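J.: Listed below are the residues making up each chain.
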Amino acid sequence: MRLIINGEPRDLQNVRTVKEMLDVLGVDHQTVAVMVNGEIIGRTDFDHGQVQENDTVEIVRFVGGG
Amino acid sequence: MANVLQIGEYTFGSRLIVGTGKYQTFDLMREAIIASGTELVTVALRRVNLDNPNEPSLLDFIPKNVRILPNTAGCYTAKEAIAVAHLAKAAGIGTLVKLEIIGDQDLLWPDPIETLEATKVLVQEGFTVMVYTTPDPVLAKYLDKAGAHAIMPLGSPIGSGQGVLDVEAVRRFKQRVSVPVIVDAGIGSPQDACLAMENGADAVLINTAIAQAGDPVMMAQAMKWAVEAGRLGFEAGRMPKRQDAVASSPTTGMIAAGQ
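Residue numbers (this note's numbering), protein chains in the order written: chain A, 1 to 66; chain B, 1 to 259.
Source of the hints: derived by calculation from the structure; they are not laboratory data.
Everything numeric in this text was worked out from a predicted model, so none of it was measured.
Keep in mind that the hints are not guaranteed to be accurate.
As the list claims (entries may be wrong) - Here are the simulated lysine-lysine pairs, DSBU-like style, with alpha carbons at most 30 Å apart:
id, chain 1, residue 1, chain 2, residue 2
1, B, 174, B, 145
2, B, 174, B, 141
3, B, 79, B, 22
4, A, 19, B, 120
5, B, 89, B, 145
6, B, 89, B, 22
7, B, 89, A, 19
8, B, 141, B, 89
9, A, 19, B, 174
Make the full structure from the sequences, and use the hints.
T.: Here it is in structure tokens:
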């Protein structure tokens with residue numbers, strides 16, 4: 001399935017949920033927040049939140065800032 | 001408790017807020033945070049680098065007794081800033097947020113219209129909103145009325161180290177708003193921090209002046225003392241300035257020598 005993740009197109013196999021997407025990408029669930037098509041998926045909903053062909057996904061985390 | 005900084009429901013013993021950007025290493029940042037005595041540090045939210053998704057997390061280097069203040073730095077509209085605040089909350093940090101919406105890219109000058117709009121929305125949504133703003137006393141009143149929990153005028157442009165260019169703005173804000181006034185941006189040296197505090201700022205927020213100092217840990221300590229000195233000076237109440245000299249020693253009872 002093709003997703004636009006953090007501005008880049010990516011082809012991921014066997015991914016239906018946010019949790020599966022993060023696992024395939026190798027991203028630790030505990031340190032990130034996720035938005036799919038502009039909708040925030042809370043961390044407790046990673047298991048249920050669906051991703052579909054051509055969805056736009058943002059995966060963000062905290063970095064140094066002022 | 002006497003002499004604490006109260007922002008919404010949050011209470012802080014330190015009046016120094018420290019940014020976490022621009023440090024050469026996370027370890028150095030941690031040491032500087034500890035030396036500063038701060039209880040509140042700002043962080044930003046950015047896309048995960050998917051080529052290195054599990055690089056060390058900034059949060060692992062922030063001492064456990066220090067609260068995280070996510071900022072909306074990099075946002076240019078109320079809509080963007082509100083989305084970032086929601087994301088930060090979703091990341092599990094809570095509802096404290098530093099609202100920063102920029103209207104001029106070169107000056108990193110706050111956009112007052114978008115900032116006021118986002119303040120209204122975030123306050124209504126239950127966020128504790130600390131608002132980065134221009135040193136405009138009228139806007140400050142609007143932000144206060146909108147429910148901002150702290151109002152943070154810039155001292156001078158972000159990262160410029162020019163100090164507090166209009167210290168009277170701090171006094172004007174204090175006279176017009178009911179919530180803490182925090183000088184945010186532009187502080188370059190301990191004397192700048194002290195000056196802001198002496199003039200009634202409830203706190204200062206410092207990033208670059210510490211992170212880019214020759215010795216960030218030593219500078220963090222200096223800023224801690226500068227903030228404390230300035231606050232004490234403010235509370236003690238300075239002597240009035242006079243046009244001419246006034247002798248400190250008694251002017252009567254002088255000896256008669258050589259007459």
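J.: Taking the numbered hints from earlier one at a time, note which ones the structure violates and give those numbers from smallest to largest.
T.: 4 and 9
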